[in-house]
Amino acid sequence: MPDLIQKKSADIPAQRAGGTAEPKPEKARSLGSDAWHDLRRRPIFVLSALLILLLIVIAIAPGLFTSVDPRAGDLRNHFLTKPNYSHLFQADWFGYDGQGRSIYARVIYGARASVVVGICVTAGVTVLGGITGMLAGYFGGWVDVIISRVTDIFFGIPLLLGALVILNAFTSRTIWSVVFALVALGWTQMTRVMRGSVITVKQADYVTAAKALGAGTSRILVKHILPNAIAPVIVVATIALGGYIATEATLSFLGIGLQDPTISWGIDINSAQKVIRTAPFALFFPAGMLSLTVLAFIMLGDAVRDALDPKLR
Amino acid sequence: MGRFVARRLLQMIPVFLGTVTLIFLMVRALPGDAVSAMWGDKAPDPAQLAAFKHRLGLDKSLVEQYVDYMRKLFMGDFGETMAGRKVLDVITEAMPVTIRLALMAFAIEILLGVTIGLFSGLRRGKAFDKGTLVLTLLLISIPVPVLGFVFQTVFATNLGWVTPTVQDSMNLGQLLLPAFVLGSLSLAYVARLTRTSIVENVRSDYMRTAVAKGLPKRRVIGTHLLRNSLIPVVTFLGTDLGALMGGAIVTEGIFNVKGVGNALYHAINLKEGGTVSGFVVVLVLVYLAASLIVDLLYAVLDPRIRYA
Chain A
1 MPDLIQKKSA DIPAQRAGGT AEPKPEKARS LGSDAWHDLR RRPIFVLSAL LILLLIVIAI
61 APGLFTSVDP RAGDLRNHFL TKPNYSHLFQ ADWFGYDGQG RSIYARVIYG ARASVVVGIC
121 VTAGVTVLGG ITGMLAGYFG GWVDVIISRV TDIFFGIPLL LGALVILNAF TSRTIWSVVF
181 ALVALGWTQM TRVMRGSVIT VKQADYVTAA KALGAGTSRI LVKHILPNAI APVIVVATIA
241 LGGYIATEAT LSFLGIGLQD PTISWGIDIN SAQKVIRTAP FALFFPAGML SLTVLAFIML
301 GDAVRDALDP KLR
Chain B
1 MGRFVARRLL QMIPVFLGTV TLIFLMVRAL PGDAVSAMWG DKAPDPAQLA AFKHRLGLDK
61 SLVEQYVDYM RKLFMGDFGE TMAGRKVLDV ITEAMPVTIR LALMAFAIEI LLGVTIGLFS
121 GLRRGKAFDK GTLVLTLLLI SIPVPVLGFV FQTVFATNLG WVTPTVQDSM NLGQLLLPAF
181 VLGSLSLAYV ARLTRTSIVE NVRSDYMRTA VAKGLPKRRV IGTHLLRNSL IPVVTFLGTD
241 LGALMGGAIV TEGIFNVKGV GNALYHAINL KEGGTVSGFV VVLVLVYLAA SLIVDLLYAV
301 LDPRIRYA
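Chains A and B, in that order, are what the protein sequence lines are.
In terms of the UniProt record's numbering, the numbers along the first sequence are unbroken and rise by one, the last being 313.
In terms of the UniProt record's numbering, the numbers along the second sequence are unbroken and rise by one, the last being 308.
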């Protein structure tokens, strides 16, 4: 696979000889920079990346977008107060929920839970699954047998069902308990991907060459195996990120994920379902933001996959 | 074939034992305490707490609890609901509805998904293909609860085609909307997988040979292209059963379908921790059995799998 990519990247500069800001034609790009080059020219990638950037800014500093306290309920603004669409960025822009809290402020503050859960779970499963997968794939033998059997067992438990059982054990659930549950159940997916990828890579000539030069196991793993085997893991991880956000919202919707006072779109969808006939907007805005967020991450994952997997081009 | 079945069955045993052990560990050995959780924010009364723990056998050592748990599982005892009904009874009663719903969702996924995937794969880059990619992307990014409420509002409340919630859980017509919601996510995945697979295979040597031999188009696409392209789709459908079970909790809750997912949904809402775990164990067992069946079917469809 690596030489296939090099051939490809050698072709590209020749095709656009007229380009000014292109790198020198004879310089073969690494997989990473080739992918980055490809990504920057994709409108879907740019669009989703901008959207995600905006979401991350919202998650870090929600105060920039609204000065209203999302937990301050004023029953004079009971949920029947309809949205006032001309009041851009104001408390009543999206109307008020059942306890007279500003839906706009809640939608803004709810981004943090989703973004944090999505990113932390993905980071957790990538690190845990990456390490176990690398050990299983590189060392083989009994290490591989043990790790593979453990992943088989975890695969027997569907994510949502397992999360129900784990989260049940927590007296009070925070973002971190949800992250813990999803990482505990999700890491084996990455282990499988990494293991398969490492098995292909470890037979490459440059690994044999490194061994012949007397490189230690840790050096081979970190310097040679990891950078060459990580691409499929990154692809699966970026696509899974959107799924983790959706799972968190589903769990919170079922009442077993996040709890008040944490603000989460899933919780707001749950409380809005009771008034869906009279105040559909209370459901629409958190649901819309949730879908938009998942969409942004899935589009990003799609674009990254296309860029990192040259076979699909 | 017989050897393959035997091998798969033998492989199931450690996975089965490991999975139930894992669930036991998640329930009992995690730092959290499901019994104190029953008191919510309040501090539990020590005497009541001890009595509860004794009744549930939680005052014994972890090893004793594990032996107890496994013995009960083999006897088919998955615990009781707070109302005193056996979890297994509740599940066997509700199972036919869920199976019906899941099969409908499965049928929708396969029929619609494969058809859409086939056409967009054959018309790669055309408007239909681009439309499929955009629509499936949208479908994948809408979480199940949101999709459920959107469909309920649009098709039941606004258009009035169906009743918002299901009145008779065994009525196929009424189950159609929840089945569509349940299957929609996987429908999108099936369509995309089929499309990718078709696009890859349409340029393969055996396709060129089949066309060169002058076979009719129906036969080239139906027998040569589709059969080979469906292999990754079948793999996906096997693992998809788990997602279907999770989705059933939400879908049956929203549409009030009286199935297993609905029972579990109520157990969660009533904060019956023990019952939830009992339900999950049974559902995981059903899932393992179902994926075994899919695996065996897979070997029937593709001879290469049998000898691998």
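Rather than coming from a laboratory, the hints here were simulated on the basis of the structure.
Be aware that one or more of the hints could be misleading.
[To be verified] Derived pair list, reagent style SDA-like, types lysine to any residue, alpha-carbon separation capped at 25 Å: (1) Lys-130/B with Lys-42/B; (2) Lys-223/A with Asp-34/A; (3) Lys-274/A with Val-199/B; (4) Lys-42/B with Ser-271/A; (5) Lys-126/B with Leu-226/B; (6) Lys-202/A with Pro-227/A; (7) Lys-130/B with Arg-76/A; (8) Lys-271/B with Tyr-85/A; (9) Lys-126/B with Thr-196/B; (10) Lys-130/B with Ile-52/A; (11) Lys-130/B with Ile-239/A; (12) Lys-274/A with Thr-157/B; (13) Lys-202/A with Gly-140/A; (14) Lys-213/B with Phe-119/B; (15) Lys-86/B with Gly-255/A; (16) Lys-274/A with Ala-49/A; (17) Lys-271/B with Thr-262/A; (18) Lys-130/B with His-37/A; (19) Lys-130/B with Ala-49/A; (20) Lys-271/B with Val-183/A; (21) Lys-82/A with Pro-227/A; (22) Lys-82/A with Thr-66/A.
Going down the list of hints, with the structure as the test:
For the hint pairing Lys-130/B with Lys-42/B, the CA-to-CA distance comes to about 56 Å; that exceeds 25 Å, so the pair is violated. Straight-line distance between C-alpha atoms of Lys-223/A and Asp-34/A comes to about 19 Å, which keeps the hinted pair within the 25 Å bound. Under the criterion of a C-alpha separation no larger than 25 Å, the hint pairing Lys-274/A with Val-199/B is inconsistent with the structure, at around 45 Å. As the CA atoms of Lys-42/B and Ser-271/A are separated by approximately 23 Å, the hinted pair is consistent with the 25 Å bound.
As the CA atoms of Lys-126/B and Leu-226/B are separated by approximately 20 Å, the hinted pair is consistent with the 25 Å bound. For a cut-off of 25 Å, the pair hint linking Lys-202/A to Pro-227/A stands: about 12 Å separates their Cα positions. Our distance criterion of 25 Å between C-alpha atoms is broken by Lys-130/B and Arg-76/A, whose separation comes to about 48 Å. About 39 Å separates the Cα atoms of Lys-271/B and Tyr-85/A, which puts this hinted pair outside 25 Å; it is violated.
For the proposed pair Lys-126/B and Thr-196/B, the alpha carbon gap of about 14 Å is at most 25 Å, so the pair holds. Restraint check for Lys-130/B and Ile-52/A: the C-alpha separation of about 23 Å stays at or below 25 Å, so the hint holds. Annotation: proposed proximity of Lys-130/B to Ile-239/A holds, straight-line Cα distance about 20 Å (limit 25 Å). With a C-alpha separation of about 14 Å, the suggested pair Lys-274/A and Thr-157/B falls inside the 25 Å cut-off, and the hint holds.
In summary, the hint linking Lys-202/A to Gly-140/A is supported, as the alpha carbons are separated by about 11 Å, within the 25 Å threshold. Pair hint Lys-213/B plus Phe-119/B holds up; C-alpha atoms about 23 Å apart against a cutoff of 25 Å. Note on Lys-86/B and Gly-255/A: the hinted pairing holds, with a Cα-Cα distance of about 24 Å set against a maximum of 25 Å. Pair hint Lys-274/A plus Ala-49/A does not hold up; C-alpha atoms about 35 Å apart against a cutoff of 25 Å.
For the hint pairing Lys-271/B with Thr-262/A, the CA-to-CA distance comes to about 19 Å; that is within 25 Å, so the pair holds. Note on Lys-130/B and His-37/A: the hinted pairing holds, with a Cα-Cα distance of about 24 Å set against a maximum of 25 Å. A threshold of 25 Å between alpha carbons decides the hint, and for Lys-130/B with Ala-49/A the separation of about 21 Å falls inside it, so the pair holds. For the suggested pair Lys-271/B and Val-183/A, the alpha carbons sit about 23 Å apart, so the restraint of at most 25 Å is met.
A hinted pair counts as satisfied when its Cα atoms are at most 25 Å apart, and Lys-82/A with Pro-227/A does not qualify at roughly 53 Å. At roughly 19 Å between alpha-carbon atoms, Lys-82/A and Thr-66/A fall within 25 Å of each other, so this suggested pair holds.
Checked against the numbered hints given earlier, the structure breaks hints 1, 3, 7, 8, 16, 21 and satisfies all the rest.
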